[in-house]
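2 protein chains.
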Amino acid sequence: MIAVDWGTSSARAYRLAPDGRLLERRESAGGILRVPEGGFPAALAGMVGDWLAAGETRVLLSGMVGSRQGWQEAPYLACPAGVDDLARAVVPVPFDGATVRLVPGLSTEDAGGTPEVMRGEEVQIFGALDFGALAGDGRDALLCLPGSHAKWVRVAGGRIAGFSTHMTGEAFAALKDHTILGRMMTGTAEPGPAFEAGIARSAEAGGLLHHLFGTRTLGLFGRLAPEDAASYLSGLLIGHEVASAMTGPAPVYLVGSGPLMALYGRAIALKGGEAIAGDPDIAARGLGLIGERTEWA
Amino acid sequence: MIAVDWGTSSARAYRLAPDGRLLERRESAGGILRVPEGGFPAALAGMVGDWLAAGETRVLLSGMVGSRQGWQEAPYLACPAGVDDLARAVVPVPFDGATVRLVPGLSTEDAGGTPEVMRGEEVQIFGALDFGALAGDGRDALLCLPGSHAKWVRVAGGRIAGFSTHMTGEAFAALKDHTILGRMMTGTAEPGPAFEAGIARSAEAGGLLHHLFGTRTLGLFGRLAPEDAASYLSGLLIGHEVASAMTGPAPVYLVGSGPLMALYGRAIALKGGEAIAGDPDIAARGLGLIGERTEWA
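In order, the protein sequences belong to chains A and B.
The opening residue of the first sequence carries number 1 in this note's numbering; numbering runs sequentially from there.
The opening residue of the second sequence carries number 1 in this note's numbering; numbering runs sequentially from there.
Incorrect hints may appear among the rest.
What the hints assert, rightly or not - DSBU-like cross-link-like pairs, simulated, lysine-lysine; straight-line CA separation at most 35 Å:
no.	chain 1	residue 1	chain 2	residue 2
1	A	K176	A	K271
2	B	K271	B	K176
3	A	K176	B	K271
4	B	K271	A	K271
5	A	K176	B	K176
6	A	K271	B	K176
To be verified - Short, incomplete list of chain B residues facing chain A, as computed with Cβ under 8 Å:
no.	residue
7	R25
8	P115
9	H149
10	L175
11	H178
12	G207
Don't read these hints as lab results, they were simulated from the structure.
We put the CB at the ideal spot given by N, CA and C, even for glycine.
Just need the whole structure built from these sequences, with the hints factored in.
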């Protein structure tokens, strides 16, 4: 089977053995925003044409490729949802030379009735749960997927019960690049003392919009060096996010890769939680699990 | 006396009678960022040269003109501070043809020890208090000055006891213009039902960074129209600010002008407070009060 985690800015393709083992992987910068109208069949053939020629007949896609801006829209499946639910809800996509299916994203509502959505993270989550790194059998867990739109996910009884999205990463970039705060920043966010000072500050009274201004005043008074200011701002924002999203000092399963993992791990530890980091290729494993359960004929 | 409220992007000059009465006012786009190095004497002469020629000999300046980027730096005066304290702390500025003094800005620290600063707002605050629109004698009050960096100010015994700054306006602009949220916005922020929905949302669990994402999902699900999205986002942000800054359902004296006044007034009312709007020319009155107490010789 071929599995493709196809997002907005990049795509990761995996060739899986019948038992789910990862045989080969490749990455492409051809995210859905780079694909011209009607160009998805050609883009898929360009990415995995040799695997198809070598005899693969099944292709399972996840991520923004199933959004309105993608190949074909796969309606969101409502939570709670498990791998079996996702396998039953895959959407067929016409393609010459293979059977192609789209995994739908998930939707939920929070207590106040505001909707929530994800596309692509659901396969990572089930891949992560299958690693068994969590205490117990991984059927009840709290997961965090750092990113420009970070997701916090509650798993109950092996299914995704609900989740919430936090615009922390995108807010950080907008504040750093497009407000007065960025003028006094020279470095990137690192998980050192300035980041921890931001985390500590996030626990004080005053609210995030007030705490943001402190990034500037600490700089004005020479108490925050320009090379530490991005770390402090990151600590403020991630600290506010973790305080809102962590329901207690439980273990949090961190899913993802890159520099955000260390920052979130530190923030979770400082809030009394235990951060457990996952594997970068979990999307392949999650797609494999769904593929095993999919009705391909 | 001549009073000039000289900020980053504009300047307002006032000619005051000896009893403090406003004789004449004029506004200029010549904020300090437009003044070339060493160009402040010429800029002042250009703004009020005819008043000086007509016999005025005293000029009192406030605002960012007293910052490191301005004419001359006037060190911050620490809170608590009243008009008499400010009058004693004015800084002389060399100028041919008149006696020029700079009113210093104020500094304070919040409970966590993070510094806070203002420059220019202090004269508006004392001008506002002098209007007597507040219950009692205006010696104890909570004031809010909306703006890209909104200030909340506690006045006790007629002096500014402390204040906090919220980057709400600048965060709104950065989020609207430089994140995915802005892609689905067509209008400006107005104090109608969408704004009130944002205020109500701000009181729910989840935190601001999570609430931000709801602006997008409500749009995706057709529950927030593009022309209402800016109002909703504004309600979210101002709602979070007001909830953090309002210490109880007391009257809040709103100081300023422009469209933000109606938004803050509505947000304060929805949180159970009473918003009282001030006069736009209060800076002139505040500078007049300080000028009366200044040692000019």
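Against the structure, the hints:
no. : hint            : result
1   : K176/A / K271/A : holds (25 Å)
2   : K271/B / K176/B : holds (25 Å)
3   : K176/A / K271/B : holds (31 Å)
4   : K271/B / K271/A : holds (30 Å)
5   : K176/A / K176/B : holds (14 Å)
6   : K271/A / K176/B : holds (31 Å)
7   : R25             : violated (29 Å)
8   : P115            : holds (4 Å)
9   : H149            : holds (6 Å)
10  : L175            : holds (6 Å)
11  : H178            : holds (4 Å)
12  : G207            : holds (3 Å)
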